[in-house]
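Novice: Dock chain B against chain A, hints included.
Line order of the protein sequences matches chains A and B. So the mapping is simple: our numbering equals the position in the first sequence, first residue as 1, plus 45. So the mapping is simple: our numbering equals the position in the second sequence, first residue as 1, plus 5.
Read the hints as simulated data drawn from the structure, not as lab findings. Please read all numbers here as calculations on a predicted model, not as lab measurements. Be a bit skeptical, because a hint or two may be false.
What the hints assert, rightly or not - To give a feel for the contact side, a few chain A residues facing chain B, derived at Cβ under 10 Å: (1) Glu74; (2) His77; (3) Ser84; (4) Leu113; (5) Leu116; (6) Gly139; (7) Phe173; (8) Lys230.
Stated by the list, open to error - Just so you have them, the derived chain A footprint on chain B, three or more residues with Cβ under 8 Å: (9) 30–42; (10) 75–87.
Note that CB positions come from ideal geometry on N, CA and C, so glycine has one too.
Letter by letter, the chains look like this.
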Amino acid sequence: MNSESLPITSDRNGRTTLQAAVRPELFLECVHCGLCTSSCPTFTELGDENVGPRGRIYLMRMITDGTLDALPTVRHHLDLCLDCRACESACPSGVHYGRIIEPFRLAMEEEKHRGIAGWDWFRTFVLFGLFPYAGRIRLAMKPVRLMQRLGLYDRFERLGLFKLIPGRLGQMATLVNPPVDQGPKLPSFLPAIGRRRARVAFFVGCVADAMFRHTHWATLRVLQQNGCDILLPEGQGCCGAIHFHAGSNSGARRLANTNVDAFRLDEIDAIIVNHAGCGAMLKEYGLHWQDDRRAQRQEFSEKVRDINEFLDQLGPVAPTGEIRAVVAYHDACHLRHGQQVIDPPRKLMELIPGLELRDLPESEVCCGSAGTYNLNQPEMADRLICRKVENIVSTGAQIVLASNAGCLLQIGREIRRQRLPIAVLHPMDLLDLSYRGEQPELPGHNGR
Amino acid sequence: MKKPLTRDLRRCLGATSVLSELGDLRVYDCDGLTIEKRLPDAVVFPATTEQVAEVVRICSRHDAPIVARGAGTSLAGGCLPIGGGVVVMLTRMKRIIEVNVADRMALVEAGVLNLQLARALTGTGLHFAPDPSSQIACTIGGNVATNAGGPHTLKYGVTLNHVLGVEAVLGDGTVMQLGPLGDRAALDLTGVLVGSEGTLAIVTRVWIRLTPNPQDYRTLRVTFDSLDDASNAISDVIASGIVPAAMELMDQGILAAVDEAFQFGFPADAEAVVVIELDGPSVGLDEQRDRITEICNRHQAREILQASDAQQRALLWKCRKMAVGAVGRLSPSYCIQDGVVPRTKLPHIIRRITEISAKYSIRIVNVAHAGDGNIHPILLFDERDADQVQRALAAGKELLEDCIRCGGSVTAEHGIGIEKISLMESLFAPYDLKMMEKVRDAFNPGGGLGLGKVLPSPHAPTLLHAAVSIGDV
Numbered sequence: 046m047n048s049e050s051l052p053i054t055s056d057r058n059g060r061t062t063l064q065a066a067v068r069p070e071l072f073l074e075c076v077h078c079g080l081c082t083s084s085c086p087t088f089t090e091l092g093d094e095n096v097g098p099r100g101r102i103y104l105m106r107m108i109t110d111g112t113l114d115a116l117p118t119v120r121h122h123l124d125l126c127l128d129c130r131a132c133e134s135a136c137p138s139g140v141h142y143g144r145i146i147e148p149f150r151l152a153m154e155e156e157k158h159r160g161i162a163g164w165d166w167f168r169t170f171v172l173f174g175l176f177p178y179a180g181r182i183r184l185a186m187k188p189v190r191l192m193q194r195l196g197l198y199d200r201f202e203r204l205g206l207f208k209l210i211p212g213r214l215g216q217m218a219t220l221v222n223p224p225v226d227q228g229p230k231l232p233s234f235l236p237a238i239g240r241r242r243a244r245v246a247f248f249v250g251c252v253a254d255a256m257f258r259h260t261h262w263a264t265l266r267v268l269q270q271n272g273c274d275i276l277l278p279e280g281q282g283c284c285g286a287i288h289f290h291a292g293s294n295s296g297a298r299r300l301a302n303t304n305v306d307a308f309r310l311d312e313i314d315a316i317i318v319n320h321a322g323c324g325a326m327l328k329e330y331g332l333h334w335q336d337d338r339r340a341q342r343q344e345f346s347e348k349v350r351d352i353n354e355f356l357d358q359l360g361p362v363a364p365t366g367e368i369r370a371v372v373a374y375h376d377a378c379h380l381r382h383g384q385q386v387i388d389p390p391r392k393l394m395e396l397i398p399g400l401e402l403r404d405l406p407e408s409e410v411c412c413g414s415a416g417t418y419n420l421n422q423p424e425m426a427d428r429l430i431c432r433k434v435e436n437i438v439s440t441g442a443q444i445v446l447a448s449n450a451g452c453l454l455q456i457g458r459e460i461r462r463q464r465l466p467i468a469v470l471h472p473m474d475l476l477d478l479s480y481r482g483e484q485p486e487l488p489g490h491n492g493r
Numbered sequence: 006m007k008k009p010l011t012r013d014l015r016r017c018l019g020a021t022s023v024l025s026e027l028g029d030l031r032v033y034d035c036d037g038l039t040i041e042k043r044l045p046d047a048v049v050f051p052a053t054t055e056q057v058a059e060v061v062r063i064c065s066r067h068d069a070p071i072v073a074r075g076a077g078t079s080l081a082g083g084c085l086p087i088g089g090g091v092v093v094m095l096t097r098m099k100r101i102i103e104v105n106v107a108d109r110m111a112l113v114e115a116g117v118l119n120l121q122l123a124r125a126l127t128g129t130g131l132h133f134a135p136d137p138s139s140q141i142a143c144t145i146g147g148n149v150a151t152n153a154g155g156p157h158t159l160k161y162g163v164t165l166n167h168v169l170g171v172e173a174v175l176g177d178g179t180v181m182q183l184g185p186l187g188d189r190a191a192l193d194l195t196g197v198l199v200g201s202e203g204t205l206a207i208v209t210r211v212w213i214r215l216t217p218n219p220q221d222y223r224t225l226r227v228t229f230d231s232l233d234d235a236s237n238a239i240s241d242v243i244a245s246g247i248v249p250a251a252m253e254l255m256d257q258g259i260l261a262a263v264d265e266a267f268q269f270g271f272p273a274d275a276e277a278v279v280v281i282e283l284d285g286p287s288v289g290l291d292e293q294r295d296r297i298t299e300i301c302n303r304h305q306a307r308e309i310l311q312a313s314d315a316q317q318r319a320l321l322w323k324c325r326k327m328a329v330g331a332v333g334r335l336s337p338s339y340c341i342q343d344g345v346v347p348r349t350k351l352p353h354i355i356r357r358i359t360e361i362s363a364k365y366s367i368r369i370v371n372v373a374h375a376g377d378g379n380i381h382p383i384l385l386f387d388e389r390d391a392d393q394v395q396r397a398l399a400a401g402k403e404l405l406e407d408c409i410r411c412g413g414s415v416t417a418e419h420g421i422g423i424e425k426i427s428l429m430e431s432l433f434a435p436y437d438l439k440m441m442e443k444v445r446d447a448f449n450p451g452g453g454l455g456l457g458k459v460l461p462s463p464h465a466p467t468l469l470h471a472a473v474s475i476g477d478v
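For reference, chain B alone in the conformation it holds in the complex:
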C-alpha cells in the first residue's frame, strides 16, 4: 500500500522532491507543539499548484491523508500528520509573483515568508499588516491557514481582513480560484477558507491587500509594579475610546528571559511591562499619548518611557516578538496557550492564571496581545517528566475553560489544530459543529485534507481528554 503511494508520488514530482526513508521522515513528526508526535509515510515538495493538485489526487486514490506544512511553527499541532499519509511542504513555492503598488495588492505563493514579503515591500510605503511573533519564519500560507494575527491586529485586524483572494486545491484535487476582486453576488468563500487550518483546501497562492504605512509612531514602554494595575490600565485605555495600533503585556517571568536575550534593561522587580504603540497621521498622536499616560498614571505606573527613534522602537518590538522563543532560557519545554476574553475580563483572567499556576504547581509566564483580550499564558514544564506534562495540560485546559466561561474563546490566532479539539464541544453547540462538518465535506469530500484536525472526530488525538482525568484528581 505505502510502496505504490511513494512510487506514484515520485513519478509525479521526481525523486528529489519526495522523502520516504525513516531517517528523512522523523523531523516531520511534530511542529512547534512537541508533546504529540506522528510519523508521516512521505513528505513531498511540490513546486507548482498543478503539482499540489496531482499530489492530492494521488493521495485520494491511495486513501492517504494529507497535511500541508509551511515553516512548521504551529503551536497547536496544526502540521501533525494524523494517520500518517503525506506531508505537503509548501516551502519551495515561495515566489512573490507580483507587487502592485498602485492597486495596493500583491500576489504571492503560499510558501513566501511573512518577513520576505515585508522586505520586498520596503520602500513602497506599503505593508502586509498581520505581523505574528513568528514573522521571521512563518509563511503566508500558514498565516492564511490560522487566520494569524499579531500585535497590530488590535487596530488593523487579522489575516482575513488582508486577504483579497486565494488559489486553492480542494480535497478532490480541483483547483479553485477565489477573488481577488470581491463579487457581491457570490458567497464569501475566501472568508470560509481563511482560518480553516488546511481542513478545507490547500491554499497555494494568495492575493494580499497591502496597507499604507502609518505616517508616524509613538511607542511607549510602561512599567507597572503590579500585574493587576497593568491589566486594569489596559482595560481603561480601551474603554476610553482610543484604539492603539498595539497594546502588549509581558509579565515578570517572561521579562527576565527576554532581558537575558536582548539586554534591554527591563526592571527586574516590576510585575509587568506594557508596550503601547500609537500610529497614524502625526497630528493628534501626542494628544492620544498624553491621555494614555494619564490613564497609566492613574493605575500607579512606575515609569513611562517613549522610544526616541526607529532603532529603539525596533528593539522594543524585537523583545516582544522574540519573547516566546526566549522561554527556552527558562525551561526545556513549554506549552503556549491562546485564549481570548472580553477586555473587561482581562484583570480577572490574569488573576485566574496565577491561581491555576499555584493549583497545578506549574510555572506560568505571560505575554498577551492585551489590547484585544488575547492572552498567551506560557506553561513551563519538562517533557521528560510525564507527570509534569499531564499537570501542564490540565492547567491549560482549566484556563481555556475559564476563557469560555468569561464569554471568550480558546484561540485567537494559533488555531485549534489537534491541541484544542476537545474544547470545541464546550465552545459550540452540536448543531454548529454539524454545520462546520457539512462545510468541510463540501470542500474536502473524503476528509483526507487535515485529517483529525479542528473538528471532533474519531481520528483526533485525545490530548486534553487524558489531561482532565489526571489533573482533576
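The shape of chain A in the complex, shown without the other chains:
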C-alpha cells in the first residue's frame, strides 16, 4: 500500500474539489481498528468518535464515496482536528492521516471562501496579508510592544481587557510574547568557529523571525560553535504552512517556489530550520503539488533538517557552561509526529551540565496552538492548554522547552495568565546559554 507522493486532485481551474480532494487509495490504508483514538487530543477531550482520527477518516471517506453529504456538522468535526498527527505515530498500519485531512480541509476552505459571500477579512488581511511577512508583523505589533514598555500590557492582561477586542484579534493580542532583546538584523553569512564541519543554510521564516529573532541568533551561534558555516539566503520567505492550512493552495505553492529559488542546494549540506511547523512544511514540499517544479521541490525537501535532528546527526560539541535548573520538554506535534524527531532534543539537553530534564506527562499531546487553531477554535485550544500547563506544573520544572513558535506562544500565554514561575524557552536558547557560560533568566514567584 505504498502511497508516496500522491498528488492532490484538482478541477480544471486548478481548484481542489471536495469529493476529489483525496485519492481513494489513501482511505484503504485504514482498517478501522481504532487504536489511534486515544492519541487524539480532541477525542480524548470529548469522547466522540466523530472527532477522533478513525471517525474523521470514515467521514471523509463517505463524502468522497458520495454516501454522505458534507453537512455543516460534519465540517465542524473536521475543522476541530488540530492536524497534530499524533494519530500517525499511533497508527500501526501507517495511515498517512496528514495527507488525507490536509488536502480535504484545503478543499473545504477553498469552497468556503469562494466568491464574495465567502470573503473573510481575517483570512485576507491577517493570515495572508500579515503573517507571511516578518516586517509587517513587527509593524503590527508596535502598539502592543509600546504597551509592554509602558507596563500597560500586564495590566490589560490581568484585568482581562483584551477580551474587549473582538474574536480572533483579541486572541492574537494576548499571544504576544514579552519583549526581549531580539538582537540586530540577521546577517547573510556567519562563519564556523573552529574546524569547519559543515556548510548549511538557515531558514528564517516569518512569525519566527518577527517574534523569535533572539532564538534565531541563539540557533546561529550554536551552529557556529558546532563548526558550521551558515548562509542566510536573500529572497526566502514564509514556508507557506499558514496558507496551506487556511485553504490557499496557490498561495502556499507560490511561497514554496520562492523558497526553492532562494536556496542554492549544491553549495550546502543542509537547510536548517528551528521551528517544527515550518520544518514539517518544508519537508513536505515535494509531496503537495504535481507540476513541472515538483522534482526541484522534492530535492529541496530532502535537504531540510530540524536543528535538533541536525546537531544530533552531526555529533554535537559538548557545551560546558553549567545551568542548574529543572526543565521539562514539550514535544511540538510537527516535530514529534510530523517529523518523528523525538530523542534528539532530549539528548541535546542532557549534554548541558547541571540541567535536570524531567519527564513531562503527555508531552506528546498537542498544546492547542496548532498553527492558527488557537485563533479559530479558542474553546478547544483553551481546554488543551490548561491540560498541558497542569502537566507542566506537575513536573516542578522551572523551564519548559518547546521547538516551535506556536507552542512557545501558546504555553507562554497560559503561564503568564496563571502567573506561574516558569520560563518558556526554545532548546536552542538554553544550549546557546550553556555554550556562552551564561544563565537563563528565571521568573520569580507570581510569574515576574
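Specialist: This is chain B only, laid out in the frame that chain A set:
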C-alpha cells in the same frame, strides 16, 4: 416515536451529550468489524452512573434497544447497534477514582483506558494484568464486557481473575453493586457479568485487583524456519511444566507487516517467530530459560535471542501488540478470528489454517497467544469485493468449526458479538443456551441491552449463515 426519544434524552443529559443528526451518527454504524453496519437513532454521552440508569429507563419506556460502547475496538461487532436505538458512550466516564496500593485495588469508571490505568500505576509496583493488544485504546469497561485477555493471560489469567466487583445498571434501570469484597454466602454474580458483552447490564464502575510487578524478566525471540516446528516447540514447552508469562506466535506474513512498521529486523525468510517471556523472582529464571532454549533447539530453532534491556523488551512487545493493526499494510480489510484449541492440537490447527487458506483462496496470516492455545488467524480481503467477503467469512467459519471439533471454542477474548452467534448452536446444547437466556432475562428483562448479541435470536444478523451457502458450493 424517535423524536420523543431524543427529546427525553436531551432533557435528561443536556443537548451537548446527545447526538441524533445523520451526520453525527454515521461513525457509530460499526466498530472494528466493518462488514456489518447498522445506524443508531441516537448516541448519548452520560457522565455518571445515575445518568446511565436514567438513559436505560428512558429507552425502556420508548422500547429502544441499547448498546454500550467504549473505544469501539471490538473485532466481533460487539458495539453494533442492532435494531437502531441508542448507543451509550462511556468515554466521558473515565475517572480513576481510587488507587489503594496497600490493599492492591483500584476503583475506576468504565471509560478509563487500560493504558491510562497502567500509566497511573507507574511507580506503585503494581499493575492491572490483562494487557490486550488494543491496550493503548481499549477501555476497562470493554475489557470487562469481553472478559479480555492478552499475551500475559497465560500466567496471570483473564479479566475475570482481576475484577473484584462492579457497579452496573440492569435492563430495568436498577443500579446494582457487586463486590468488591467477596462474600462466600452470595452467588458470584460478578463472574456472571464479566464477559457478558453488555447483554446483562451496563457496567459503570469496576473494582480492580492489582497485581505486583514481577521482579525480573527474560524475554526471548525464537526464530523457526518452519511453522510446524514452532507450534510443536510451544506444545512441548507447556508439556514440560514451565508456565511462561507469555508465549506468542507470529508467522511470516504478519512479520513482514510488523517489520515494515517498526523495522525490528525479523528475518524475512523465517516461517515463524515465537516471543517467550518468563517473569517472576530472578532466582530460577535463567534455569527456566535454559530449559526452554533446549526444547526450542530440539525443534530446529534457527536463532534464539534474548532482549538485553527494558527498551528492547518494550519494542518486542510493541511489535507483537501492534501486529494486528499493521495488517493495513497488507490488505484494505481483514477479519481476525479468535479460536481456541487444546494446546496439543496447536500444530494440527496451524496446518488446517494453511489448508483452509488455499481452499478458499483467501490469504491468512497468523498471530497467536499460542501458549494458551488461542489462535488469531487474520483473513485478508477487500471489502469492496463481495465475493472475497463471502469467501473470507466462509473460511473463518470452517476454521472455527475445526476449533470446536478439536474440543476448543470460538472465542477466547474478542467475544461472540454478532460475528459468531451462528456458531453458538454448534458449541452449546439447546439446554445450555436456554439457561443462558434465562440468566439474561433475569438481569435484562426486556432484552433491550445488547439486543441481538451473543445468543441466537431473530434479531441476530445472519453473518456467517449467509457465508456457508456460498462458500461451500
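Novice: With reference to the structure, classify each hint as holding or not holding.
Specialist: Hints versus structure:
With its C-beta approaching chain B no nearer than about 5 Å, Glu74 of chain A sits inside the 10 Å limit, and its interface hint holds. Satisfaction of the interface hint for His77 of chain A is found here, the shortest Cβ-Cβ separation to chain B being roughly 5 Å, below the 10 Å cut-off. Proximity of Ser84 of chain A to chain B holds as hinted, the smallest CB-CB distance being about 8 Å (cut-off 10 Å). Hint on Leu113 of chain A holds. Least Cβ distance to chain B is approximately 6 Å, under the 10 Å limit.
Given hint, Leu116 of chain A at the interface with chain B, holds; its Cβ is 4 Å from that chain's nearest Cβ, closer than 10 Å. Because the smallest distance between the Cβ of Gly139 of chain A and any Cβ of chain B comes to about 6 Å, under 10 Å, the interface hint for this residue holds. The closest approach between the C-beta of Phe173 of chain A and any C-beta of chain B is roughly 30 Å, which is over the 10 Å cut-off, so the hint fails. Interface hint status for Lys230 of chain A: violated, as the beta-carbon distance to the closest one in chain B is roughly 44 Å, over 10 Å.
With 7 residues bearing a CB less than 8 Å from a CB of chain A, the region 30–42 of chain B meets the requirement of three and the coverage assertion stands. Only residues whose beta carbon comes within less than 8 Å of a beta carbon in chain A count, and the region 75–87 of chain B has 3; three or more means the coverage holds.
The structure shown violates the earlier hints numbered 7 and 8.
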